[in-house]
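Trainee: Each chain is listed here by its residues.
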Amino acid sequence: MNAKELLQGTPFKEFRPGQENVVTSILNGRDTLAVLPTGSGKTLCYQLPAGILPGLTIVVSPLVSLMDDQVTQLKMNGFQKAAALHGNKQPEEKKRIWQQLSQLKLLYVSPEMLAVDKIKQRLQKLTVSLLVVDEAHCISQWGHEFRPDYKSLGEVREELGNPVLLALTATASELVRTDIASSLRLHHPLIEAHSVNRENIFIAIERMNEPTSRQQHLLKLVAASAKPCIIYTGTRRDAEVWSSLYKGPSAFYHGGMNAEDRNSIQGQFLYNEIDVLFATSAFGMGINKPDVRTVVHGYMPASVEQYVQEIGRAGRDGNRAIAHAVVADRDMMLPWHFVEMEIPGTDWMRNVLLPAAEANKDLTQVVEDAAFAEHTASLLISRFNENNREKTGQEIVEALIQQFDKRRQERAEQIRQITTLCNSTSCYRKQILSYFEEVPYSAEENCCSNCHANPHIESLPPRQRSVDNWQELLKNKLHIGAG
Amino acid sequence: MLKGLLLHVISKLQKSRSASGAVHILKGKRSAQTIQDIELFQLNQWAGAARCWKGKDLAALAEQLYNEKMITGDNRRSAVTDKGYHLLKQTAWMNELYFQGREYEWTGFAEVFWRKLNLTVQAAGSLASTNRGFLPVYAEADERDAVRSIIKRAGSRRVNRLIYEKLDQELRQLPDKSALIFVSRLAGNQSQGKTVKQLAGSMPEEEVYLRWRSVIHQLMSTEWPEEFLPLISHVKQQSALTNSAVKTRALVMNGKSKDEIAAERGLKSSTVEDHLVELAMFDSAFPAARYIPSEKLKELTVILQDAGQQASLKDIKETAGDKGSYFDIRLAGALMKNRKEGKL
Ligand SMILES: [Zn+2]
Numbered sequence: 023m024n025a026k027e028l029l030q031g032t033p034f035k036e037f038r039p040g041q042e043n044v045v046t047s048i049l050n051g052r053d054t055l056a057v058l059p060t061g062s063g064k065t066l067c068y069q070l071p072a073g074i075l076p077g078l079t080i081v082v083s084p085l086v087s088l089m090d091d092q093v094t095q096l097k098m099n100g101f102q103k104a105a106a107l108h109g110n111k112q113p114e115e116k117k118r119i120w121q122q123l124s125q126l127k128l129l130y131v132s133p134e135m136l137a138v139d140k141i142k143q144r145l146q147k148l149t150v151s152l153l154v155v156d157e158a159h160c161i162s163q164w165g166h167e168f169r170p171d172y173k174s175l176g177e178v179r180e181e182l183g184n185p186v187l188l189a190l191t192a193t194a195s196e197l198v199r200t201d202i203a204s205s206l207r208l209h210h211p212l213i214e215a216h217s218v219n220r221e222n223i224f225i226a227i228e229r230m231n232e233p234t235s236r237q238q239h240l241l242k243l244v245a246a247s248a249k250p251c252i253i254y255t256g257t258r259r260d261a262e263v264w265s266s267l268y269k270g271p272s273a274f275y276h277g278g279m280n281a282e283d284r285n286s287i288q289g290q291f292l293y294n295e296i297d298v299l300f301a302t303s304a305f306g307m308g309i310n311k312p313d314v315r316t317v318v319h320g321y322m323p324a325s326v327e328q329y330v331q332e333i334g335r336a337g338r339d340g341n342r343a344i345a346h347a348v349v350a351d352r353d354m355m356l357p358w359h360f361v362e363m364e365i366p367g368t369d370w371m372r373n374v375l376l377p378a379a380e381a382n383k384d385l386t387q388v389v390e391d392a393a394f395a396e397h398t399a400s401l402l403i404s405r406f407n408e409n410n411r412e413k414t415g416q417e418i419v420e421a422l423i424q425q426f427d428k429r430r431q432e433r434a435e436q437i438r439q440i441t442t443l444c445n446s447t448s449c450y451r452k453q454i455l456s457y458f459e460e461v462p463y464s465a466e467e468n469c470c471s472n473c474h475a476n477p478h479i480e481s482l483p484p485r486q487r488s489v490d491n492w493q494e495l496l497k498n499k500l501h502i503g504a505g
Numbered sequence: 005m006l007k008g009l010l011l012h013v014i015s016k017l018q019k020s021r022s023a024s025g026a027v028h029i030l031k032g033k034r035s036a037q038t039i040q041d042i043e044l045f046q047l048n049q050w051a052g053a054a055r056c057w058k059g060k061d062l063a064a065l066a067e068q069l070y071n072e073k074m075i076t077g078d079n080r081r082s083a084v085t086d087k088g089y090h091l092l093k094q095t096a097w098m099n100e101l102y103f104q105g106r107e108y109e110w111t112g113f114a115e116v117f118w119r120k121l122n123l124t125v126q127a128a129g130s131l132a133s134t135n136r137g138f139l140p141v142y143a144e145a146d147e148r149d150a151v152r153s154i155i156k157r158a159g160s161r162r163v164n165r166l167i168y169e170k171l172d173q174e175l176r177q178l179p180d181k182s183a184l185i186f187v188s189r190l191a192g193n194q195s196q197g198k199t200v201k202q203l204a205g206s207m208p209e210e211e212v213y214l215r216w217r218s219v220i221h222q223l224m225s226t227e228w229p230e231e232f233l234p235l236i237s238h239v240k241q242q243s244a245l246t247n248s249a250v251k252t253r254a255l256v257m258n259g260k261s262k263d264e265i266a267a268e269r270g271l272k273s274s275t276v277e278d279h280l281v282e283l284a285m286f287d288s289a290f291p292a293a294r295y296i297p298s299e300k301l302k303e304l305t306v307i308l309q310d311a312g313q314q315a316s317l318k319d320i321k322e323t324a325g326d327k328g329s330y331f332d333i334r335l336a337g338a339l340m341k342n343r344k345e346g347k348l
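Chains as they are written, first to last, in our numbering: chain A, 23 to 505; chain B, 5 to 348.
Here chain A stands alone, though its shape is the one from the complex (with noise of 0.2 Å):
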C-alpha cells in the first residue's frame, strides 16, 4: 500500500514529516520510538493503524483530562469506534465501555488502570495488535514528568501477548530515548526523530538582579509583546494576581480550578475570545492551537526539557514566534519547592508515614494531609496496597526512601542544567541542541537573544469583543442572521 491509499477514505489530505515512517513502520509489524513535537500530528500515527489493524489498539496516556477530548476529537473525524477508560469515569459508563470493548478499534487507557488485574485479564482475552505509550518520556528517570506506574509497561506488553509498540513522545536526550527502549523492551525500534529546533521561534532570555521588579518587568514586557501570547507563572497565585493587575482583557488558568472554568477558558483562548492568559504548566498539554505569537516564562522552568516543551507551544502555524524567559537567581527555589511536594522528605516518611502505616490508619487522609503532588500521593498508597503482605512497612519505606532520594539527585542535575542555560551568555539554541545531543547550530538571523535583537512581531488582529447586548449575543452564540 502506498501512502496515498491509506489516507483514503480518512480526512487527512496529507501526511505531515514524520507521519509516513512511522505508519509504515507500525504495518510493518516493527516497534516505533517517535519523538515528534506536540502539534505535529502524533494521533494521525496510531489513528491510521488502529483503523486498518485487526483487533484493538491500546493507547496507554497520562493525560486523563484529555482522553475523553481525543475520542470526542476522533468520534468528529468519523472515527467512531474509540473509547477512554480512566478512574474518573462514572461506573455505569465504565461498565458501558466493558460491554462494548470486543467491537472497539481503539482504547485510552491511563496507566494506574493497567495495573489492575481484573483489567488485564480481560484484555488478555482480545487480540491487541498495537500498544501505544503516549508522553513515553515519563518512563525515563530522566524525563522531566517521570511517572513511576509507567514502569511496567514494559511487563504489561508481555502480558498482552506481545503487540508492536509504539512510544511517542515530543522532547527526549539520548538518555531519555534509551530509557524509553530498554523499559518498554522495543526490539530493534524504527527510531524517527524530529529536532527539538524550532527556527521561527527566537529565544530571549533576560537575567534581573532585582526580582521585586519583575511584576511591573513582566506586565510592561507582555503589554509590548505580540498576541497571542501564554504567560507562564510559577504558581497558581501569580497567575491569578499578575492576570489581575494586566491593563486590558487576559484570563488565567490553572490546576486549581474546576474543571467547566478550565475548559471555558482554554477555549476562549483556542477561539481568540482573548489572546494573553496566565497560567501554570497545567496548561498547554495536549491543545493545538496554532497562531500562538508569543510564550513568556515568569520564572526560571523546572528543566531545560519542560522549557523546550513549553515554548515549543508558540509559532506552531510555522510563523515568526518569540520565547521570553525573565529570571532571576532567587528562582532556583521555586523549581526546589516543587521538588519538595513531588518527593516525600525522609523525615517525613519515617516519622509520619511509617507509625500511621504501622497503627493501620486511612493512608490516604495522612498523605493528602501532606498536600503532595497527586502522582505522588498515588504511588505512596499503591505502593503500600500492593505489597502489604509480603514487606514490612518499613521495608517499604526504607525502598522508597533510597528512591526518592534518587530522584532528589536527578531533580538537582536537572535545575542545575536549566540554571546553566539561563545564566549563559553564549547562543541558547546551540546550548539547547546540544543538551538533547544534536548537532549544535546557531540560526543565521532571529537566533537568540544572546545573538541577535529582538524581532518584531506582528500581532494576530484581535477579534472583536466585547457585544454588551444580550440579544445580540445570543445571536452571536446560536449563529443566527450571521454576516
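No lab work stands behind these hints, which were simulated from the structure alone. You may find that some hints are simply not true.
Claimed, not checked - The calculated lysine-lysine pairs, modelled on BS3-like cross-linking and capped at a C-alpha distance of 30 Å, are: (1) A:K116 with B:K262; (2) B:K300 with A:K116; (3) A:K116 with B:K58; (4) A:K140 with B:K262; (5) B:K58 with A:K383; (6) A:K383 with A:K242; (7) B:K272 with B:K321; (8) B:K272 with A:K116; (9) B:K262 with B:K318; (10) A:K452 with A:K140; (11) B:K156 with A:K497.
Given the structure of chain A, go ahead and fit chain B with the ligand onto it with the hints provided.
Mentor: Then chain B with the ligand, alone, in the frame of chain A:
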C-alpha cells in the same frame, strides 16, 4: 464569594444556630437537623445554593465573617452584628431574584439542566455555521446522550431556531443584567462561555453567580417545547411520588422509624418499605442513614455494583446472604440510582 448570602442565612437563623448550621443549609447537607432547620426558618429559597462549593471554602468564609466582626457568637449560636447588618443592606438585590434553592440546587437538578442546555446551545450554534467542529463543554455521558437525541430527532436547524425563540422569549422578561450574564455564560459557535469570575467586573462575583443560577431556575420552571423534553426529563422524576408515599414522607421527615410509620398510618410493613424505597429513589432529602446503617449500605452497594444492572433481586440476595434483607438491598439499589442522578 457568597459572603452576603451566608450572612443573610445566618441572620435568618435568628441567633439560634451557629454559622456552620448556615453553611450546612447552603451546602445542602443531608441531615435531619439541616432539613428541619430549612423548614423551621423558611430557608427553602437558599437551601443547597452552594452545593457545588467546597465545604472547606464555605467554612473559611464563615471564619472570615467572624474575623471581620460581621458576626459574633460561639459554635452553637451566631448573631449578625451592626457591621454585618450594614453589609446586608447592600444585598437587597437578592430578594428580587427568582432563586429556588430547595427545588433546583439541593436536588442537583439545576446543574444537570445547565450542562445539557449549554451543550445544546453550543452544538446547535456550531452546527449552524460552516466550521461545524467544536470543543464540547463538559457533560456526563447520559447528558451528552440526551442532547444528541434532541438534535437527532428534531434536526440541528430546527433545534437552533426553537432554542433561540425559547431563550429570547424567556430572557426578555428578565432584567437585562441577568439576561446578559446568562447568555455570556453560554458556549456557542466559535465561542466559549465566560466564567463567573470573568463576568464579575461591575458587580460582585456573588451577584453574578446568583443571577446566573436564578435564570436557570426560571427557565426550568417554564414549559418547554416537546422537542426539548430530554433537557428536563431528570427533573420530572421527583414528582413521581405516589400520594400515599407523600404522606409517609412527612413522617420520615419527622424522624419516625419504619415500625412507627407503619403503626401510625395503619399500613403493612411491606407497604411502608415500598414507600421508603420510592423516597430513596426520588427524594434527595431522604435521610437514608436512619433506615440502613452506613456500613451495611457500603457492603450492599459493592455487591450491587459487581452484579450489574441485569442481575435479579433474587440473585443479589443470594450473593448478599445475611449481609442484608430484601428491603436493605432494594433500598441500597434505590439510593445508588438517586445518588447517580442527583450527582454533581
Ligand atoms: Zn543564538
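Trainee: Which of the numbered hints above does this structure break?
Mentor: 1, 4, 6, 8 and 10
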